[in-house]
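Each chain, letter by letter, is given below.
Protein chains: 2
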Amino acid sequence: MLAGVVVAVLVIPQSLAFAMLAGLPPQAGLIASILPVLVYAWLGSSMTQAVGPVAITAIMTASVLAPLAQAGTAQYLALAAILALMSGGLMLVFGLLRLGFLAQLLSRPVVGGFIAGSAVLIIISQLKFLLGLQVQARGAWEQLTAVGTQLAAVNPFTLGLSLLSVVLLVAARIALLPLALRWGVGPRWADMLVRIAPLGVLALATAVLLWTGADIRHGVAVVGAIGEQVVWWAPVSVDADAWTLLVMPALTLAFINTVQGISMAQALAARRHERLDANQELVGLGAANAVAAFSSGMPVGGGLSRSAINTAAGAQTPLAGVVAALTMALVVLVGTHGLERIPLAALSASIVVAAWSMIDLPALRQAWAYDRADAAAWMGTAAGVLVLGLQWGIALGIVLSLATLLLRASTPHIAVIGRIPGTEHFRNVERHGVETLPGVLLLRIDESLFFGNLGAVEERLMAELTARPDTRDVVLIMSAVNRVDTTAMEVLTDINRDLRDRGISLHLAEVKGPVQDRLEKSPLWAQLTGAVHLSVNSAFKTLEPSRDELRSSD
Amino acid sequence: MLAGVVVAVLVIPQSLAFAMLAGLPPQAGLIASILPVLVYAWLGSSMTQAVGPVAITAIMTASVLAPLAQAGTAQYLALAAILALMSGGLMLVFGLLRLGFLAQLLSRPVVGGFIAGSAVLIIISQLKFLLGLQVQARGAWEQLTAVGTQLAAVNPFTLGLSLLSVVLLVAARIALLPLALRWGVGPRWADMLVRIAPLGVLALATAVLLWTGADIRHGVAVVGAIGEQVVWWAPVSVDADAWTLLVMPALTLAFINTVQGISMAQALAARRHERLDANQELVGLGAANAVAAFSSGMPVGGGLSRSAINTAAGAQTPLAGVVAALTMALVVLVGTHGLERIPLAALSASIVVAAWSMIDLPALRQAWAYDRADAAAWMGTAAGVLVLGLQWGIALGIVLSLATLLLRASTPHIAVIGRIPGTEHFRNVERHGVETLPGVLLLRIDESLFFGNLGAVEERLMAELTARPDTRDVVLIMSAVNRVDTTAMEVLTDINRDLRDRGISLHLAEVKGPVQDRLEKSPLWAQLTGAVHLSVNSAFKTLEPSRDELRSSD
Numbered sequence: 004m005l006a007g008v009v010v011a012v013l014v015i016p017q018s019l020a021f022a023m024l025a026g027l028p029p030q031a032g033l034i035a036s037i038l039p040v041l042v043y044a045w046l047g048s049s050m051t052q053a054v055g056p057v058a059i060t061a062i063m064t065a066s067v068l069a070p071l072a073q074a075g076t077a078q079y080l081a082l083a084a085i086l087a088l089m090s091g092g093l094m095l096v097f098g099l100l101r102l103g104f105l106a107q108l109l110s111r112p113v114v115g116g117f118i119a120g121s122a123v124l125i126i127i128s129q130l131k132f133l134l135g136l137q138v139q140a141r142g143a144w145e146q147l148t149a150v151g152t153q154l155a156a157v158n159p160f161t162l163g164l165s166l167l168s169v170v171l172l173v174a175a176r177i178a179l180l181p182l183a184l185r186w187g188v189g190p191r192w193a194d195m196l197v198r199i200a201p202l203g204v205l206a207l208a209t210a211v212l213l214w215t216g217a218d219i220r221h222g223v224a225v226v227g228a229i230g231e232q233v234v235w236w237a238p239v240s241v242d243a244d245a246w247t248l249l250v251m252p253a254l255t256l257a258f259i260n261t262v263q264g265i266s267m268a269q270a271l272a273a274r275r276h277e278r279l280d281a282n283q284e285l286v287g288l289g290a291a292n293a294v295a296a297f298s299s300g301m302p303v304g305g306g307l308s309r310s311a312i313n314t315a316a317g318a319q320t321p322l323a324g325v326v327a328a329l330t331m332a333l334v335v336l337v338g339t340h341g342l343e344r345i346p347l348a349a350l351s352a353s354i355v356v357a358a359w360s361m362i363d364l365p366a367l368r369q370a371w372a373y374d375r376a377d378a379a380a381w382m383g384t385a386a387g388v389l390v391l392g393l394q395w396g397i398a399l400g401i402v403l404s405l406a407t408l409l410l411r412a413s414t415p416h417i418a419v420i421g422r423i424p425g426t427e428h429f430r431n432v433e434r435h436g437v438e439t440l441p442g443v444l445l446l447r448i449d450e451s452l453f454f455g456n457l458g459a460v461e462e463r464l465m466a467e468l469t470a471r472p473d474t475r476d477v478v479l480i481m482s483a484v485n486r487v488d489t490t491a492m493e494v495l496t497d498i499n500r501d502l503r504d505r506g507i508s509l510h511l512a513e514v515k516g517p518v519q520d521r522l523e524k525s526p527l528w529a530q531l532t533g534a535v536h537l538s539v540n541s542a543f544k545t546l547e548p549s550r551d552e553l554r555s556s557d
Numbered sequence: 004m005l006a007g008v009v010v011a012v013l014v015i016p017q018s019l020a021f022a023m024l025a026g027l028p029p030q031a032g033l034i035a036s037i038l039p040v041l042v043y044a045w046l047g048s049s050m051t052q053a054v055g056p057v058a059i060t061a062i063m064t065a066s067v068l069a070p071l072a073q074a075g076t077a078q079y080l081a082l083a084a085i086l087a088l089m090s091g092g093l094m095l096v097f098g099l100l101r102l103g104f105l106a107q108l109l110s111r112p113v114v115g116g117f118i119a120g121s122a123v124l125i126i127i128s129q130l131k132f133l134l135g136l137q138v139q140a141r142g143a144w145e146q147l148t149a150v151g152t153q154l155a156a157v158n159p160f161t162l163g164l165s166l167l168s169v170v171l172l173v174a175a176r177i178a179l180l181p182l183a184l185r186w187g188v189g190p191r192w193a194d195m196l197v198r199i200a201p202l203g204v205l206a207l208a209t210a211v212l213l214w215t216g217a218d219i220r221h222g223v224a225v226v227g228a229i230g231e232q233v234v235w236w237a238p239v240s241v242d243a244d245a246w247t248l249l250v251m252p253a254l255t256l257a258f259i260n261t262v263q264g265i266s267m268a269q270a271l272a273a274r275r276h277e278r279l280d281a282n283q284e285l286v287g288l289g290a291a292n293a294v295a296a297f298s299s300g301m302p303v304g305g306g307l308s309r310s311a312i313n314t315a316a317g318a319q320t321p322l323a324g325v326v327a328a329l330t331m332a333l334v335v336l337v338g339t340h341g342l343e344r345i346p347l348a349a350l351s352a353s354i355v356v357a358a359w360s361m362i363d364l365p366a367l368r369q370a371w372a373y374d375r376a377d378a379a380a381w382m383g384t385a386a387g388v389l390v391l392g393l394q395w396g397i398a399l400g401i402v403l404s405l406a407t408l409l410l411r412a413s414t415p416h417i418a419v420i421g422r423i424p425g426t427e428h429f430r431n432v433e434r435h436g437v438e439t440l441p442g443v444l445l446l447r448i449d450e451s452l453f454f455g456n457l458g459a460v461e462e463r464l465m466a467e468l469t470a471r472p473d474t475r476d477v478v479l480i481m482s483a484v485n486r487v488d489t490t491a492m493e494v495l496t497d498i499n500r501d502l503r504d505r506g507i508s509l510h511l512a513e514v515k516g517p518v519q520d521r522l523e524k525s526p527l528w529a530q531l532t533g534a535v536h537l538s539v540n541s542a543f544k545t546l547e548p549s550r551d552e553l554r555s556s557d
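Quick note, the sequences are listed as chains W and G, same order.
Residues 4 to 557 in the working numbering are what the first sequence lists, from first letter to last.
Residues 4 to 557 in the working numbering are what the second sequence lists, from first letter to last.
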């Protein structure tokens with residue numbers, strides 16, 4: 004119960020801010036924290052996930068709708084509702100069709116790069132509010148250019164409030180926790196203090212505004228009247244053209260919301276040693292978004308900070324969500340007057356600081372140290388989001404995820420091996436002093452065989468044969484080959500025939516059970532010129548005497 | 004020299020037919036067998052590949068251009084030239100950038116499905132010529148419908164010639180080789196005979212036409228005048244709109260030509276025990292297509308049948324290509340009168356029979372027996388080509404190739420293992436009578452770890468832990484793990500922390516050298532709660548006494 008009330012109060016400014024980010028009126032953010040939250044509490048799988056407006060889906064909505072309608076117009080609201088309904092419906096369908104595994108299409112570096120790129124776009128979108136400028140440009144780069152040319156028109160009072168908010172928010176993030184702990188505050192309360200801090204900064208900024216009357220005297224923009232404009236339930240347009248136009252954006256939004264929602268719920272479940280049903284989670288999130296379409300058009304997702312507040316405040320079951328929703332409803336019914344004179348600059352400051360913290364540079368550094376290709380995928384996706392926009396950026400991310408996978412698998416590690424004298428152990432001839440049999444080539448392939456890497460295997464084999472023209476037996480050691488697909492099986496059959504024409508026998512060794520089960524049904528098995536050996540050692544022993552015989556028969 | 008002359012003569016009808024298939028005038032096919040062949044002989048890598056008009060790129064050209072212009076018009080010719088120049092240029096660039104490995108993006112079943120789907124489209128496109136109908140419809144299905152509604156207008160003389168040609172061509176394919184061998188013809192000459200047979204059928208059909216005068220008396224369509232309409236060299240239009248329109252089609256055509264050309268050249272090179280430089284091959288094919296743009300707009304590729312004729316006739320070096328090109332030039336200069344009264348129905352019959360033989364059902368059956376997923380990819384791609392068209396069909400093929408790869412890798416084989424009593428061998432507990440240590444879970448993962456399968460690994464691990472609540476040590480056996488990507492490393496780090504919170508140590512065993520080299524730089528290595536064991540056996544021995552100590556200290 005307490006957790007519910009705390010979450011409701013703390014997410015009020017966040018909800019206002021993300022509505023602004025999505026190009027929707029502030030009340031949309033509040034409304035989106037009521038019905039969708041109830042629906043999620045009913046259908047969702049996570050015990051502690053708190054759903055509501057989140058930054059990534061908010062900026063997605065804005066970037067999708069910006070080219071189609073002017074933010075704030077009735078047309079924009081109608082399109083936002085369709086987008087939320089379609090993407091929610093798609094997520095629901097994904098969940099019912101048990102497609103939750105689709106969230107695995109993206110590697111973590113790619114997700115990290117996508118979020119970082121989005122964060123930069125979010126920050127750019129907030130510049131006009133921070134500086135108090137009237138900018139009508141739609142795309143991120145057009146906005147940046149427009150802001151650049153209007154720098155002379157910056158409202159100094161707005162800028163002052165922005166700077167004050169940003170400085171205090173950053174200070175709270177960096178210094179508040181160690182300070183509180185040093186003052187003897189318990190770790191759990193210190194954590195709560197840090198999470199409440201943004202509310203305090205907003206209150207302070209509002210107090211400064213009320214004291215100076217900057218909104219009336221100096222034109223500092225504020226949230227404005229909310230109460231009378233709240234729409235609790237409105238039909239969603241059935242305009243076929245608009246629906247067609249939004250199919251791809253809705254699919255993208257659904258996919259991003261799926262990836263973000265599931266990875267968030269997974270992290271929360273892991274912390275509580277629970278198992279997550281990704282498909283049930285999708286059903287819950289999808290239904291929440293579909294319902295959001297009928298009240299505000301504001302897409303909802305699993306929020307990192309609101310979920311953290313929820314668990315920190317002691318939430319154990321979805322009841323916390325129900326209480327939060329009811330509290331929010333109460334706020335909307337009676338308390339919106341208190342929100343009207345919150346300066347937009349302070350809200351923007353909180354968005355910018357939150358967005359900045361989404362750029363996880365340490366993770367990039369770690370990926371760089373561990374695997375350059377993954378770091379390149381991080382940077383490529385981030386650059387893709389910035390240059391091509393969110394939709395093509397995520398598409399590029401999927402391509403980069405799959406490309407790194409394909410690239411790695413298509414350059415297999417292959418070693419010529421020999422026996423360590425006096426043992427039954429076999430090692431790489433280049434790294435160890437091992438004995439080999441004349442005319443016998445032992446080749447270990449450290450990768451599953453598939454259409455993408457057979458070319459590399461064939462090339463290496465041919466190169467080794469050119470270097471060893473007296474080879475009469477080739478043994479492929481398959482101990483690390485977990486799969487052989489149809490293409491690979493066919494190419495191996497071709498290689499077997501090709502080697503036969505050259506008077507060379509092809510042997511296999513240490514073939515895994517599942518691989519052998521399949522190969523037994525293939526032409527390769529029927530035509531194999533050599534034998535299938537259970538171990539490298541038995542292949543070595545079998546081929547050793549046969550060589551002697553050959554020589555003695557010369 | 005002989006090979007060159009033989010190829011030139013034999014490919015004349017093929018060149019005429021494929022030009023017809025591409026919606027281009029017949030002379031385009033002849034012209035495309037001159038300059039491009041010379042350029043390929045100069046720049047290409049394959050010693051025996053014979054390039055010229057091929058079925059797949061011809062139908063691609065027709066299907067791309069059909070929605071944009073009426074076949075045979077000047078606009079159609081201009082667009083065809085741009086398409087050939089762009090796709091040739093792209094292939095040239097692919098080759099220079101050493102992107103030849105892109106041809107590996109497609110698995111053989113997907114290529115097979117694509118070719119089968121294309122073959123059906125080719126056959127549909129030829130129905131109007133076989134039946135002697137005037138059909139203006141552009142898409143394959145529209146053509147089929149139009150043909151269906153006009154069945155009453157079928158020209159019986161054309162149909163007769165078609166049936167005669169088809170029956171003879173099929174008979175030659177099936178019966179000629181065994182018959183010739185039985186008659187005592189040597190295998191090489193018998194093979195030549197089979198390849199010459201289509202020319203004989205065409206000659207017979209033409210003779211029947213000349214004898215009956217069916218083209219003049221009964222309106223049977225023939226090739227018509229060629230000589231005066233030959234264009235040796237014409238500029239390619241620089242219309243920016245047309246270029247923009249054809250970017251994606253040109254990219255698709257370049258990709259398909261790359262896949263087809265490289266796989267063809269690879270097969271030829273393998274047969275001659277040569278190594279193929281795929282990038283050099285791309286440069287050769289790309290330049291040949293770019294040159295083709297300036298004379299006919301007919302795209303060229305590596306042809307299966309013309310290459311086979313080339314090698315069968317004794318070609319050893321690209322000189323055969325030069326001779327073939329010069330012979331063809333001679334034919335175009337002096338001999339086209341002999342081609343004018345070839346009935347289109349007979350040409351169509353040869354296209355249809357060739358297309359039919361491109362549908363490799365035995366390969367589908369083999370894939371079905373070997374791996375259902377690959378067979379499904381075959382059928383999915385073929386259906387994609389038929390329903391969505393060639394371009395989206397090939398895109399679907401790439402997606403299906405990658406999806407099968409991803410799907411297989413994301414469902415790794417994981418086994419709980421134990422020791423075969425009295426040995427140092429470890430096997431799956433479900434398949435063998437093995438001994439296990441209480442509180443110790445030995446888990447062998449038979450797959451490289453990456454973003455797509457860590458979810459499955461984590462799920463299996465948690466399920467095993469739920470089934471064995473007394474577990475205190477988890478040993479991951481990494482003997483078949485060839486790679487651990489950044490996502491997998493991070494998730495393993497999370498699992499390690501999660502297990503630590505539950506009082507369980509995480510051990511690794513049999514980590515491969517390259518994997519260990521990377522992991523040593525990761526947080527997992529620094530935080531690992533257990534040890535890294537060189538072998539499963541040493542892990543087993545190490546954990547055995549520690550369990551005893553634990554128990555004795557109870």
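No lab work stands behind these hints, which were simulated from the structure alone.
Every value quoted in this text rests on a predicted model; they were computed, and no experiment measured them.
Be careful, since some hints might not be right.
Which copy is meant is left open, because identical chains are indistinguishable; a pair holds if it fits in one copy or across any two.
Derived lysine to aspartate or glutamate pairs resembling EDC-like cross-links, with alpha carbons at most 20 Å apart [said to hold, decoys possible]:
id: 1; residue 1: K544; residue 2: E438
id: 2; residue 1: K515; residue 2: E433
id: 3; residue 1: K544; residue 2: D194
id: 4; residue 1: K524; residue 2: D497
id: 5; residue 1: K524; residue 2: E461
id: 6; residue 1: K524; residue 2: D363
id: 7; residue 1: K544; residue 2: E343
id: 8; residue 1: K524; residue 2: D504
id: 9; residue 1: K524; residue 2: E427
id: 10; residue 1: K544; residue 2: E277
id: 11; residue 1: K524; residue 2: D194
id: 12; residue 1: K544; residue 2: D363
id: 13; residue 1: K544; residue 2: D280
id: 14; residue 1: K544; residue 2: E462
id: 15; residue 1: K515; residue 2: D473
Exercise for review: Tell me, in ascending order, the numbers of any earlier hints that this structure violates.
Suggested key: The structure breaks hints 3, 5, 7, 8, 9, 10, 11, 12, 13, 14, 15; every other hint is satisfied.
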